[in-house]
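Based on the provided sequences and hints, a complete structural model is requested.
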Amino acid sequence: MDIALLLNDPNFLPWLVPVGPLLAFIIITFATNRARLVPATSHEYGGHHPDYNGMLVPVVTPLSRVLSVTVGLSGVVMALLISLNIVGQALGVRHFGEEVVFASAVEWMATGTTAFRMGVMVDPLNALLLVMVPIAVLCIFIYSIGYMAHDPRQSRFFALISLFAAAMLTLTVADNLLLLFVGWEVMGLCSYMLIGFWFEKHSAYRAAIKAFTVTRVADVIMLLGIAYLYTMTGTLNFREIMQDAALLNAINTAPAILFGGLGVSAGGLIGSFLIIGTIGKSAQFPLHVWLPDAMEGPTPVSAMIHAAAMVSAGIYAVLRMFPLFVGAGDPIGGVANPHIGVYNLPLVLLAVVGAFTALFAATMAVAQNDVKAVLAYSTISQLGFMMAALGIGAYVAAAFHLITHAFFKALLFMASGSVIHAMEHGAHHLHEHAHDHEPEPTTRPYYETAQAAEAHPEAAHAAHDDPHAHDHGHHAEHGHHEEHGHGHAFDPQDMRNMGGLAKKIPVTFVGFVIGGFALAGFPLITAGFWSKDEILAEAWYGTLKGYGPQALVFFLLAVAAFLTAFYTMRQICLTFLGEPRTEEAKHAGLGGARSIVSITMQLPLIILSFFALFAGFVGVPKEFPLFGPIFSPDGNPFFHFLEFSVLPEPNFAPFHPPFNLFPVLVSFAVALGGLYLGWRMYGRRPLQAGETDPMERILGSAVYTTLQKRYYMDDLYSVLFVKPSQWLARQVNTFLDRGVIDGTLHAIGAFFTWLGDLIKVLNSWLIDGVGDGIPRSIYTLGGWLRGTQTGRIQQYLLAVLIAFLIIGIVLAVSSGVVTAG
Amino acid sequence: MEFGFPVLSALIFIPVVAGVLILFIPAASRDIIRGVAITSAVVTLSLSALVYFSYLNAVNAGAIPQTTVEAEEGSFRATAAFKDRQFYVENIPWVPSVGISYHLGMDGLSGPMVLLTGMVAVAGVLISWQISDRQREFYAFFMLLVAGVMGVFISLDMFLLFFFYELAIFPMYILIAGWGWVKLREYAAMKLTLYILIGSVVALVGAIAMVVTAATYFETEAGRQVLQAAIAAGVINPNATAVSFDLIQLTLAAENGAFSLPFLGTVSFDVFWFPFIFIGFGVMAGLFPFHNWSPDGHVAAPTAVSMIHAGVLMKLGAFAALRTAVQMMPEGAQTHLPWIVFLATVNVVYGALIAFRQRDFKYVIGFSSVSHMGLVTMGWATMNAVGMTGAGLQMFSHGAMTALFFGCVGMVYDRAHTRDIPSLGGFMKILPWTGVFFIIGGLTSMGMPGFSGFVAEFPIFQGMWEASDAVSLDLGVTTLSSYYSFLVILAALGIVITAAYVLRVTSQVFFGEYNRARYGELPPITIVERAVLLLLGVPLIVLGLYPSIMAPMITEGIIPVLMLLGRM
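Which chain is which? The protein sequence lines are A and B, in order. As numbered in this note's numbering, residues 1 to 821 make up the first sequence, in order. As numbered in this note's numbering, residues 1 to 568 make up the second sequence, in order.
These are computed hints drawn from the structure, not numbers from a lab. Misleading hints may appear alongside valid ones.
As the list claims (entries may be wrong) - Which stretches of chain B does chain A cover? Using the computed rule of at least three CB atoms under 8 Å from a CB of chain A, they are:
1) 246-257
2) 341-355
3) 439-451
Claimed, not checked - Anything over 12 Å on all C-beta distances counts as not near chain A; from chain B, calculated:
4) Asp31
5) Gln86
6) Pro96
7) Ile131
8) Arg134
9) Leu194
10) Arg224
11) Ile231
12) Ser268
13) Ala385
14) Ile421
15) Ser423
16) Ile495
17) Ala531
To be verified - One side only, chain B facing chain A, incomplete, derived with CB under 7 Å:
18) Phe24
19) Asn292
20) Gln462
Note that CB positions come from ideal geometry on N, CA and C, so glycine has one too.
Structure below.
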C-alpha cells in the first residue's frame with residue numbers, strides 16, 4: 001500500500017486526527033516525565049503543601065519540561081495539520097455532505113447476532129469542529145508553556161491536557177454514538193484530573209469530584225439513551241440513523257417503553273435521555289453547578305473546558321443528533337417541525353432549559369467579583385443560547401454560535417489568566433518592596449475582611465497555590481510566614497482589587513476588550529454579533545408567526561444578551577479602567593516583554609483576537625445591508641456549507657428565515673444598551689478603593705447576595721440530594737444490612753442455638769435419663785445385692801432355707817397338692 | 001481441537017499435585033515451597049491461556065460447528081449445539097451404575113472463567129509471597145482451592161460439578177479460619193461456609209430430583225426413542241443409560257420437555273425447582289438477600305483468598321446457576337427470572353449504597369462485589385444474546401477488577417496495618433503503582449469507556465432495554481410489563497453511586513495528606529507486587545479497548561442456552 005497515498009486519503013485521515021495528542025500523552029507519561037526529588041520546602045515546589053515539610057517531593061526536571069512541552073505541542077500541531085488537510089479537501093467537494101462524506105470503519109465487537117462497527121467520519125458539521133478545536137487547543141497549549149512554566153508537575157499537565165485534546169478530537173471524528181461517548185467520558189475523566197490538578201488543595205479536589213459526579217449522573221442517563229437507541233435501530237452510526245427518514249419516522253412515532261402512555265414516543269424518550277447528557281456536559285440548569293467550581297483548575301484547563309472541548313462537546317452532540325430529536329415524517333405524534341410550530345418533548349426541553357439557563361446564568365454573572373467566575377457564568381449563559389436555538393430549530397445559528405463562542409471564550413479565559421498572573425506578579429513585587437523597607441501601614445486593603453475571605457475561600461487558596469506564588473524564588477528565604485499570611489489574604493482574582501490594568505498589560509487589555517465585545521455582541525465588527533443575531537432572527541421569525549416557544553426564546557435571550565453586554569462592560573471597567581485600587585494592582589505586570597512567559601501568554605491572545613473579530617464574517621446573511629453583498633454575494637457561506645450535514649427533509653433541514661430588520665435592531669439595542677449601562681455605572685466614574693459595588697446599592701444587599709451565592713443552589717442540592725443519599729446509604733448499611741438481614745440471620749442462629757440447648761436439656765433429661773437410668777438402676781441393684789454378701793455361713797443357710805420354703809409353697813400351691821379352701 | 005494430552009485434567013491436577021507436594025517439603029525451605037507453588041500456578045495459567053486462545057482462534061476462524069440436527073422424534077438441536085461447542089473433551093465412566101462419569105469440556109462460557117482462574121491463581125501465589133505463618137499449609141490449601149474452582153468450570157457432569165463445588169468450599173473455610181483477620185475470622189468463615197453449604201445442598205436436592213426425573217423420562221417409550229436418536233446422531237455417548245448425571249444428557253432431557261411435566265398439582269417440575277437451584281447457586285453469586293456472607297468473608301480472608309474468593313468463587317455461583325438452572329429448566333427461567341431481576345437490581349443499588357458508607361477499605365470492595373455481581377444476574381435475566389454476553393463479560397471483568405482491588409487493599413494494609421479509610425491518605429506518594437492500578441480498577445468499576453467494565457455494562461443495559469418488551473411478570477391479579485426499563489435506570493444510577501464511592505476512596509486513601517508521624521517510612525512496592533498489578537490490571541484495558549478478544553467467544557457459549565430458551 002502506498003503510504004503517501006494513504007496519508008492523503010480523506011477517508012483514512014480522520015483516524016489520525018486524535019493520534020498525535022494521544023501519542024503525546026503516551027510519550028510524556030512513559031518517557032519524558034522525569035522528576036527529581038527536592039525538599040518540600042524548596043521554592044521549586046512552589047509551596048504547594050506546607051504539610052509535606054521534611055519530605056522529598058518530585059519536581060519535574062528542566063530537560064523533562066522542555067521535552068514534554070515539545071512533544072505535547074508536536075502532537076497538537078500534527079492534529080491541526082491533518083485536520084486542515086481534511087477540511088481543505090472537504091471544501092473542494094461540491095455539496096459536501098450531500099453524497100460525499102469521508103468515512104471508514106472496522107468491526108469492533110460482536111454481541112449476540114450483531115457486530116458493532118467503530119469508525120470515523122467527517123461531514124460538514126464536524127469539519128467545522130476540526131477547524132475550531134485544533135486551533136483553540138493549540139493556542140491553549142502555547143499559553144500553557146508560560147502559564148505552567150513554574151509548576152512542579154508541568155510534564156504531567158501536558159500529558160493530561162494532550163489526552164484531553166485526544167478525547168475531544170476522537171469525539172469530533174467519531175462516526176457513531178458509542179465512540180462519541182468514549183471521547184465524552186475520557187474528557188470527563190481528564191477534566192476530573194485537571195480540575196483537581198492541584199490536588200493538595202481541598203477545594204480543588206472537591207471541585208473535581210463535584211464535576212465528575214454531576215456530569216456522571218447525566219452521562220449514565222445518556223448511556224441508557226444510547227442503549228435504547230441501539231435496541232431500537234440496531235445501529236449507532238450517525239449517517240445510518242440521521243440520513244434515514246423512514247427510520248427516524250418509525251422511532252419517532254413508536255410509543256416509548258417508558259411514559260408511552262403519556263404520548264412520549266421512543267424517539268422522544270431517547271432524545272430526552274441524550275439531551276440530559278448534554279445538560280450535564282454543557283452545564284445547563286439544573287446541572288450547571290459543577291462548571292463555576294471547575295475554575296479551581298489551572299486557567300488553561302478552564303479555557304479547555306469552557307471553550308475548546310468539554311462544553312462544546314455537549315452542544316455538538318445535540319447538533320449531531322438533531323434530526324433524531326425532531327423526527328421525520330408528518331409533524332404529528334412524536335414528529336415535530338419547529339418551523340411550523342409543532343413541538344415534541346426533546347425540542348421543548350431544549351428550548352425551555354436553554355432559554356432559562358441563558359437568562360438565569362446571566363443574572364448570576366452580574367454579581368460576581370471573581371474575574372473567572374464572571375466568565376464561567378457567561379459560558380453557561382452562552383451555551384443556553386445554543387440550546388435554545390436548537391430547541392427552535394435554528395440548527396445553523398447554533399452551530400455558528402458554537403464556533404464563534406469557542407474562539408472568544410478561549411480568548412477571554414486566557415486574558416483573565418494573564419490578568420491573574422499580572423496581579424500575582426504585582427503582589428510579589430510589593431512583597432519584595434515591603435521587605436526592603438518597613439511595611440507601609442496603608443497597604444492593608446479594604447477587602448481583607450472576614451466577609452471577603454468567606455466569599456472566596458477557593459480563590460484565596462488559588463492565590464496561595466498558584467504556580468507563580470513563588471515566581472521569584474530567591475525571595476523564598478524571606479520567610480514563609482509573611483508569604484503565606486499574605487497569600488491567603490490577597491485574592492488576585494477579585495476584580496475589586498484590580499483597576500487600571502489597561503496601562504500595565506496593554507496586549508491583554510486589547511485582547512480582553514475584543515473578546516468581551518464579541519461576547520457582548522458588539523454590532524457589526526465582532527463575531528459574537530453575527531452568530532447571536534442569527535439566533536434572534538430565527539426566534540423572531542417564529543414569534544411573528546405566533547409560536548410560543550420562539551417567543552419565549554426571543555424575549556429571554558434578548559434580556560440575557562442585554563445582561564451579557566452589561567456584565568462584560570462591568571468586568572472590563574472594574575479590571576482595566578480607572579486607577580489601581582490596590583498596591584498590588586499598581587505593580588501588576590507580566591515580567592519583561594521578552595520573557596518566555598510574556599510571549600507565550602500573549603501570542604495566543606493575538607491569534608484568538610483575530611478569530612473573535614473576523615470569524616463572524618463567514619456567516620453574514622445575504623440580505624444584510626452593506627455587509628451582505630460584501631461577504632455573502634452568493635448567499636451565506638456558512639449556511640451553505642453546513643446545509644448538507646442533515647437530510648434535506650422539511651422538518652430539520654437548515655432553514656433560512658427571510659431577512660427582517662427588527663431582530664437586528666434588537667441586537668444593536670441590547671448590545672449597545674448593555675455596554676452603555678455598564679459604562680455608566682462602572683466606567684464613567686471608576687470604582688474607588690473601599691467603595692461598595694454600585695450594583696449592591698441598586699439591587700439591595702439581599703438580592704445581591706442571593707445572586708452572588710448562586711441562588712443558594714449548592715446548598716439546596718446539598719440538602720436535597722447529597723445529605724439524603726448519605727442518609728439512605730447509612731440507613732441501608734446500619735438498619736437494613738446489619739440490622740434486618742444480619743439480624744435475621746443472627747436471630748436464626750440464636751433460635752437454633754436455643755433449640756440446641758433445649759434439645760440438650762431434653763437429651764440429658766429424657767434420653768440420658770433413660771440411657772443412664774438403666775445402668776444406674778443396675779448399679780443400685782448391684783449395690784443393694786452386694787449387701788447380702790456378708791460372708792457368714794449362717795445367713796446364707798438361712799437364706800437357702802427361706803428360698804426352699806418359698807419354692808416349696810409355690811410348688812405345692814401350683815401343683816394342687818395343697819388345695820386352698 | 002485437541003492437544004496431545006488431557007489438558008483439562010492437567011488444569012485440575014497440576015494444582016492438586018503441587019498442593020500435596022508442598023506438604024512434603026520442610027517448612028523451613030520457604031524458597032522451594034514458593035517455587036513449587038508459583039511454578040504450578042504459572043503452568044496452570046499458561047495452560048488456561050493456551051486453551052482460551054486456541055478456542056478463541058477456533059471461534060474467529062469459524063471452526064465452531066453450527067449444528068442444526070433435527071430428529072424425527074423430539075429434537076436435540078440445542079443439545080447438539082451444546083455438545084459441539086465443548087472442546088478438549090474427556091469422558092471416562094466413573095460410577096457407571098448410577099451414570100456418573102468423569103466428563104470434562106470447555107466452551108465459550110467457561111473459557112474466560114478458566115483463564116480468569118489461572119490469572120488469579122498466579123496473582124494469589126504472588127501476593128502471599130511474604131506470608132510467614134505456616135506458608136506451606138497456606139499454599140497447599142490454596143492450590144487445592146484453585147483445583148476445585150477450575151473443576152467446576154469445566155465439569156460436564158452434574159455430580160462432578162457438585163464434587164468440585166464442595167471441594168472449593170472446604171479449603172476456603174480453613175484458609176479464612178486459619179489465616180484470616182483475627183477479629184472476624186471464625187465468625188466469617190462459619191457464616192460463609194454455612195451460607196454456601198446450605199445453598200448448595202438445596203441445589204443438590206434439586207439436581208438429584210432432576211436426574212431422577214430425566215431417568216424416568218428416558219425409561220418411557222418416547223424418551224428411549226429420543227435417546228436412541230441422539231446416540232445415533234452422535235450427540236450422546238453410545239453406552240449411555242437412562243440414569244445419568246451427564247450435563248449433555250440432562251440438556252437433552254430438558255430440550256425434550258422432560259422437566260416440563262407436572263410435578264406438584266399443576267405446577268411443572270421446572271417451575272417448581274428452578275428457584276431452588278438458581279437461588280441455591282445464587283447464594284454464591286451474592287444474590288440479595290443472601291449476600292451477607294460475602295463482605296464479611298472477603299474482609300476476614302487473607303488477601304490471596306479474598307482475591308480468589310471475590311474474583312472467581314462468586315462467578316462460580318453465577319456460572320453454575322446458568323448452567324444447571326437456566327440451561328436445564330428454561331421454562332422455569334422464563335417464569336422466575338422476571339422477578340429475580342428485582343433482586344439483582346436491589347443488589348446493584350444496595351451494594352453500592354453500603355459501599356459508600358464503609359469506613360473499612362476492604363468492606364468497600366466487598367460490597368462493591370455484591371453490587372457488580374447484581375449486574376451479572378441482571379444479564380442472565382435479560383434472556384437475550386446481548387444481555388447474556390454482557391453478563392459473561394462482566395464475570396470476567398469483575399473477576400479481574402475485584403482481585404486487583406483486593407490486591408491493592410492488601411498492599412496498603414500490609415504497610416499501614418490499618419484499613420480505616422479516614423486515617424489513610426497520601427499513599428500515591430508511597431505506592432504510586434498501587435495507586436495507579438487502583439484507579440484503573442476504579443475506572444473499570446464505574447464503567448468508563450476504554451475499560452472492560454464499559455464493554456460489559458453497555459450490552460447488559462442494551463439487553464435490558466431489548467428484554468423490556470419481551471418479558472412480563474404475571475402477578476396473578478395483574479401483569480407487569482416493560483418494567484425492565486425502569487430497573488435498568490435504577491441500576492444505572494447505582495453505577496453513579498459506584499463512581500462516588502470509588503472517587504471517595506481513591507481521594508482519601510491515595511491522595512490527601514500522608515501521615516508521616518504515624519506511618520513513617522514505609523517499604524516501597526516490590527517487583528512481585530508489580531507483577532500482580534500488571535497481571536490483573538492490563539487485561540482490563542485490553543478487553544476494554546478490544547472486546548472482540550472475548551465477546552464472540554462468550555456469545556458462542558450462550559447460544560445453546562438461548563436455543564433452549566427459545567430465543568434463537
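Here is what the structure says about each hint:
| no. | hint | result |
| --- | --- | --- |
| 1 | 246-257 | violated (count 0) |
| 2 | 341-355 | holds (count 3) |
| 3 | 439-451 | holds (count 6) |
| 4 | Asp31 | 34 Å, holds |
| 5 | Gln86 | 21 Å, holds |
| 6 | Pro96 | 40 Å, holds |
| 7 | Ile131 | 30 Å, holds |
| 8 | Arg134 | 30 Å, holds |
| 9 | Leu194 | 9 Å, violated |
| 10 | Arg224 | 36 Å, holds |
| 11 | Ile231 | 31 Å, holds |
| 12 | Ser268 | 29 Å, holds |
| 13 | Ala385 | 3 Å, violated |
| 14 | Ile421 | 14 Å, holds |
| 15 | Ser423 | 15 Å, holds |
| 16 | Ile495 | 6 Å, violated |
| 17 | Ala531 | 18 Å, holds |
| 18 | Phe24 | 40 Å, violated |
| 19 | Asn292 | 5 Å, holds |
| 20 | Gln462 | 4 Å, holds |
Violation of the numbered hints given earlier is confined to hints 1, 9, 13, 16 and 18; the remaining hints are satisfied by the structure.
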